[in-house]
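4 protein chains.
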Amino acid sequence: MTNLAGLYPPIPTPFDADERIDFTKLEANLQYWTSQPLDGVVMPGSNSEAAFLSQSERIEVWEHTAPVLKAAGKRFIAGTGAETTAETIHLTTLAAEMGAVATLVLPPYFYKASLTHDALVAHYRAVADASPIPVLLYNVPAFTGVDFALATFLALADHPQIVGVKDSSSNVVKMVEVLAERPDFQVFAGTGSALLPFLSVGAVGGIMALANVAAAPLRALMNAYQDGDIATARRIQHAVSGLNSAITARFGVSGLKYAMDQIGIYGGPTRRPLLPLGAPARAEIDRLLAHVQAAT
Amino acid sequence: MTNLAGLYPPIPTPFDADERIDFTKLEANLQYWTSQPLDGVVMPGSNSEAAFLSQSERIEVWEHTAPVLKAAGKRFIAGTGAETTAETIHLTTLAAEMGAVATLVLPPYFYKASLTHDALVAHYRAVADASPIPVLLYNVPAFTGVDFALATFLALADHPQIVGVKDSSSNVVKMVEVLAERPDFQVFAGTGSALLPFLSVGAVGGIMALANVAAAPLRALMNAYQDGDIATARRIQHAVSGLNSAITARFGVSGLKYAMDQIGIYGGPTRRPLLPLGAPARAEIDRLLAHVQAAT
Amino acid sequence: MTNLAGLYPPIPTPFDADERIDFTKLEANLQYWTSQPLDGVVMPGSNSEAAFLSQSERIEVWEHTAPVLKAAGKRFIAGTGAETTAETIHLTTLAAEMGAVATLVLPPYFYKASLTHDALVAHYRAVADASPIPVLLYNVPAFTGVDFALATFLALADHPQIVGVKDSSSNVVKMVEVLAERPDFQVFAGTGSALLPFLSVGAVGGIMALANVAAAPLRALMNAYQDGDIATARRIQHAVSGLNSAITARFGVSGLKYAMDQIGIYGGPTRRPLLPLGAPARAEIDRLLAHVQAAT
Amino acid sequence: MTNLAGLYPPIPTPFDADERIDFTKLEANLQYWTSQPLDGVVMPGSNSEAAFLSQSERIEVWEHTAPVLKAAGKRFIAGTGAETTAETIHLTTLAAEMGAVATLVLPPYFYKASLTHDALVAHYRAVADASPIPVLLYNVPAFTGVDFALATFLALADHPQIVGVKDSSSNVVKMVEVLAERPDFQVFAGTGSALLPFLSVGAVGGIMALANVAAAPLRALMNAYQDGDIATARRIQHAVSGLNSAITARFGVSGLKYAMDQIGIYGGPTRRPLLPLGAPARAEIDRLLAHVQAAT
Numbered sequence: 000m001t002n003l004a005g006l007y008p009p010i011p012t013p014f015d016a017d018e019r020i021d022f023t024k025l026e027a028n029l030q031y032w033t034s035q036p037l038d039g040v041v042m043p044g045s046n047s048e049a050a051f052l053s054q055s056e057r058i059e060v061w062e063h064t065a066p067v068l069k070a071a072g073k074r075f076i077a078g079t080g081a082e083t084t085a086e087t088i089h090l091t092t093l094a095a096e097m098g099a100v101a102t103l104v105l106p107p108y109f110y111k112a113s114l115t116h117d118a119l120v121a122h123y124r125a126v127a128d129a130s131p132i133p134v135l136l137y138n139v140p141a142f143t144g145v146d147f148a149l150a151t152f153l154a155l156a157d158h159p160q161i162v163g164v165k166d167s168s169s170n171v172v173k174m175v176e177v178l179a180e181r182p183d184f185q186v187f188a189g190t191g192s193a194l195l196p197f198l199s200v201g202a203v204g205g206i207m208a209l210a211n212v213a214a215a216p217l218r219a220l221m222n223a224y225q226d227g228d229i230a231t232a233r234r235i236q237h238a239v240s241g242l243n244s245a246i247t248a249r250f251g252v253s254g255l256k257y258a259m260d261q262i263g264i265y266g267g268p269t270r271r272p273l274l275p276l277g278a279p280a281r282a283e284i285d286r287l288l289a290h291v292q293a294a295t
Numbered sequence: 000m001t002n003l004a005g006l007y008p009p010i011p012t013p014f015d016a017d018e019r020i021d022f023t024k025l026e027a028n029l030q031y032w033t034s035q036p037l038d039g040v041v042m043p044g045s046n047s048e049a050a051f052l053s054q055s056e057r058i059e060v061w062e063h064t065a066p067v068l069k070a071a072g073k074r075f076i077a078g079t080g081a082e083t084t085a086e087t088i089h090l091t092t093l094a095a096e097m098g099a100v101a102t103l104v105l106p107p108y109f110y111k112a113s114l115t116h117d118a119l120v121a122h123y124r125a126v127a128d129a130s131p132i133p134v135l136l137y138n139v140p141a142f143t144g145v146d147f148a149l150a151t152f153l154a155l156a157d158h159p160q161i162v163g164v165k166d167s168s169s170n171v172v173k174m175v176e177v178l179a180e181r182p183d184f185q186v187f188a189g190t191g192s193a194l195l196p197f198l199s200v201g202a203v204g205g206i207m208a209l210a211n212v213a214a215a216p217l218r219a220l221m222n223a224y225q226d227g228d229i230a231t232a233r234r235i236q237h238a239v240s241g242l243n244s245a246i247t248a249r250f251g252v253s254g255l256k257y258a259m260d261q262i263g264i265y266g267g268p269t270r271r272p273l274l275p276l277g278a279p280a281r282a283e284i285d286r287l288l289a290h291v292q293a294a295t
Numbered sequence: 000m001t002n003l004a005g006l007y008p009p010i011p012t013p014f015d016a017d018e019r020i021d022f023t024k025l026e027a028n029l030q031y032w033t034s035q036p037l038d039g040v041v042m043p044g045s046n047s048e049a050a051f052l053s054q055s056e057r058i059e060v061w062e063h064t065a066p067v068l069k070a071a072g073k074r075f076i077a078g079t080g081a082e083t084t085a086e087t088i089h090l091t092t093l094a095a096e097m098g099a100v101a102t103l104v105l106p107p108y109f110y111k112a113s114l115t116h117d118a119l120v121a122h123y124r125a126v127a128d129a130s131p132i133p134v135l136l137y138n139v140p141a142f143t144g145v146d147f148a149l150a151t152f153l154a155l156a157d158h159p160q161i162v163g164v165k166d167s168s169s170n171v172v173k174m175v176e177v178l179a180e181r182p183d184f185q186v187f188a189g190t191g192s193a194l195l196p197f198l199s200v201g202a203v204g205g206i207m208a209l210a211n212v213a214a215a216p217l218r219a220l221m222n223a224y225q226d227g228d229i230a231t232a233r234r235i236q237h238a239v240s241g242l243n244s245a246i247t248a249r250f251g252v253s254g255l256k257y258a259m260d261q262i263g264i265y266g267g268p269t270r271r272p273l274l275p276l277g278a279p280a281r282a283e284i285d286r287l288l289a290h291v292q293a294a295t
Numbered sequence: 000m001t002n003l004a005g006l007y008p009p010i011p012t013p014f015d016a017d018e019r020i021d022f023t024k025l026e027a028n029l030q031y032w033t034s035q036p037l038d039g040v041v042m043p044g045s046n047s048e049a050a051f052l053s054q055s056e057r058i059e060v061w062e063h064t065a066p067v068l069k070a071a072g073k074r075f076i077a078g079t080g081a082e083t084t085a086e087t088i089h090l091t092t093l094a095a096e097m098g099a100v101a102t103l104v105l106p107p108y109f110y111k112a113s114l115t116h117d118a119l120v121a122h123y124r125a126v127a128d129a130s131p132i133p134v135l136l137y138n139v140p141a142f143t144g145v146d147f148a149l150a151t152f153l154a155l156a157d158h159p160q161i162v163g164v165k166d167s168s169s170n171v172v173k174m175v176e177v178l179a180e181r182p183d184f185q186v187f188a189g190t191g192s193a194l195l196p197f198l199s200v201g202a203v204g205g206i207m208a209l210a211n212v213a214a215a216p217l218r219a220l221m222n223a224y225q226d227g228d229i230a231t232a233r234r235i236q237h238a239v240s241g242l243n244s245a246i247t248a249r250f251g252v253s254g255l256k257y258a259m260d261q262i263g264i265y266g267g268p269t270r271r272p273l274l275p276l277g278a279p280a281r282a283e284i285d286r287l288l289a290h291v292q293a294a295t
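Residue numbers (numbering that gives the first Met the number 0), protein chains in the order written: chain B, 0 to 295; chain S, 0 to 295; chain P, 0 to 295; chain U, 0 to 295.
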């Protein structure tokens, strides 16, 4: 089974003032991320405004992302979830051809009431059957309104091509239950403040917005944990939690992009309907960035 | 202000066994619907598997739908909601060019936490500013996880080009509050079992899955209500409620398409991940169709 | 079957400045309510701060309420729901002895996950088996977190002693489905803004906070509806909706008590932890009371 | 500040076949628990069917519990939350007089919409001002529908008499944020499967149903963690997770009481409306008890 253990940011898509993708900025950002203690990137994820990209834009982004990562010896994990099974398979196959080593698959979510255990299992099995590369499930009920049940995780973990999950619900209880049954399932914390608790119960890494702007402290946390220095890991976990909340739950992608601008890479505007941050939110993020820098 | 009062089905998209759109079936179905006591159709809506259509498929469907409706003297209301403001404007402009008399605009919904009152108001105002045709809001929290607040409805109702709402949440209390402030706002019941209660507080019609397969009883209900024959209206409302539930909340689009097959038009399969109905669901729908026929 | 059709307020419990029940004020208020176009009262309901009363206080309130209502020829409906089946039976039996003509039974709600269809059906059947008086179900998920399923309503409607429901969820679609199966089930709107839509589908009345302070317009609405004057009914429904929202969803029992003080009966303070209203809320209620007076 | 760090079961209330409290069984159970590697007990908590006890029953239980714990040198933490501020203060004062070393205070929860940040803060401050003993907050949204916001936790942590929280929501992200701001706040995991992840971010122990029937492995987990043997801690955490789920989320208090019967102490029946377990649930718990025994 492919071992994907590590730390990955789902990277934002840079837009110019007219909301067009700025590929030059994307490549510059990739140069930054490949210089950081990261194992690769996920593209696109929720933080990439994936929901705002057309199919052709998604592919174009891959065309620009894949070679940079390959040259740097970093893993390219593609986000290939779509509302239909057929489109998800199509994107997955394409991503594999373009060099993705694995795929992170958001579930369909519009027809929530119809996305029963049976429907989700049939969908993901069809995708995994067709996928040339390992599949990671992606559970993010705050965006999708779909929350994988324990039984669904366990049924899907039976498939040899489904190797793990990014859980952004931070339901550490459910993850303990998954790992108790499937200790080899590759669980990734889906948000920065859940990294240490997830590691403590057997997670193998993190796929998280915070890794875009704080790769070094998150890597230090993981190293400390692996060295048995739980006190240091805890100290870092506390130090980054405020910033993590600001660039995810509190201020969303706009917050993350603002933080990127502040650390010297390109964040830029979001596409509408997302709104730019007001001054208080910006000041709050400035304060939290400084706090992370001082404390880690 | 354009008066859109009336009864409209959001029509399913017919797929063949390979999940491709079957335009011949679509046109045959349109011949049926234009022969029914309907004021037009909405295309695409949630029941059209709109979430499963690419942008080009949506446009192709309009190309086939618009002329048939025009020839029959029926209204074409286009579904043009998309995740970005820009794409929603693009689709709305296009639909107007193709003959749509109004547009039903699903809100963006992936980044729920960021879709505050301010973000929704800015989004819809931008769309309405750009729209050559009247805009109907579309509130369907069961699918989107976004539920318009009263204040959001009232702020948007101020815009001259935003003329009404299809409310599928069936929140009759909120609709009373909207209509108390804006008696001319054109409220449409979004599900068949809410038609009479919505009419009683000032709604002007219905945009509902049930109208695909039970236009005659729904029209009879509306006529009875307008004639002051509330007892007949109530009797019909009760008679259709079981079928309505079966083809929406209980069995979803698969249920609606099965019912279409049973009344002699083309339902056919859904796209995956939606699953076909099992035998018990089919038998239940058979029973409920017979009940409507017997009772109305 | 006992016909309970009509209009009832769940009456607030008057407290003095030390949070003790003021029975003199209660009796004065009852003199007011019995002079209004009401069919009786419910005591205690959610608006009575029922959750804040001890068992002995509840009984004491009944001792003061029952004789006043009897003397006035009005119905006394007792609120007897408790967390255990045994206590609910005990209170129900007692209320019947004290003259209650029916009981409104809030479900148990702390152990939500255990309150399955089977548990609710067993609970209510045991209560109804033991009850000397007809039982009304009480569905108010905003307070209890328990929302009766259609199947639960239908199973319970089979019991000869369970005669109806106060539905405060305003789920008019579910009520249509209940009434389609059980046209004789006595459905009561549970909030003032749902009265007309509920009547339109077969409800027999209302049990609502608004009836404490606006009995006359609500009665006028019911009369207009019964006379077939739906336009007048709708006009009144719109006129009262703002006030209804203010004294329920927006400002809660504190809002209701403030409105009572303004119309010349005793509202007084709530028990803590409920907080008194701030000045903007008070001004808003003043405005809405004036609006109802002007418009009805 | 009183250091309450440790492991505590919220102990079930034993009922006889007529649903009366069996104090002999209670004392026998207490003999068992005081012989286990526990730091004390909480009485009553959610698992004690606290919602089913009258005020006088609660006090009677304390009268039987306090002396046994005192004799054994174990801590007695009283559950004193009630719907009103006044009653909560009354119970807290009484519990302190009877020997409780701390109190675990469930919030009011019926009037959810009115239990704003301000109302919760005013309530808990009034309780803490009056309390002779340290106060632990109790966050259990699955039962109460009230979920403390981060800002509420932080505002309350300012009060010198509010020393910590039992968080049964298992929201490890929120707890990280609390602990980042207030490293001395005494956080307790509220369910057995969250123990290790909570410890990893700075929790000081657990207050959990599972401690009633699996004190030894939970203590071993805590010891292993404190010794830096995270692998052993993780192994135990996995081993107990299935049983934990069965006696809490899946089968509730009925499941916990059945498990108690199986390990040789008295579980007995619950009060109604809780239902006894069916055979499949019993077999599942048998299997999970055996698994814990074999694996730890």
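A couple of the hints might just be wrong.
Treat identical chains as interchangeable: a pair holds within one or across any two.
What the hints assert, rightly or not - Okay, derived cross-link-like pairs now, DMTMM-like style, lysine to aspartate or glutamate, Cα gap no bigger than 25 Å in a straight line:
hint: 1; residue 1: Lys73; residue 2: Asp17
hint: 2; residue 1: Lys111; residue 2: Glu62
hint: 3; residue 1: Lys69; residue 2: Asp21
hint: 4; residue 1: Lys111; residue 2: Asp15
hint: 5; residue 1: Lys69; residue 2: Glu82
hint: 6; residue 1: Lys69; residue 2: Glu180
hint: 7; residue 1: Lys111; residue 2: Asp228
For the record, the hints were derived by calculation from the structure and aren't laboratory data.
Evaluation of the provided hints:
no.: 1; hint: Lys73 to Asp17; result: neither (31 Å within a copy, 38 Å between copies)
no.: 2; hint: Lys111 to Glu62; result: neither (32 Å within a copy, 30 Å between copies)
no.: 3; hint: Lys69 to Asp21; result: within (21 Å within a copy, 42 Å between copies)
no.: 4; hint: Lys111 to Asp15; result: between (34 Å within a copy, 24 Å between copies)
no.: 5; hint: Lys69 to Glu82; result: neither (29 Å within a copy, 32 Å between copies)
no.: 6; hint: Lys69 to Glu180; result: neither (35 Å within a copy, 41 Å between copies)
no.: 7; hint: Lys111 to Asp228; result: neither (43 Å within a copy, 38 Å between copies)
Hints 1, 2, 5, 6, 7 from the earlier list are contradicted by this structure; the remaining hints agree with it.
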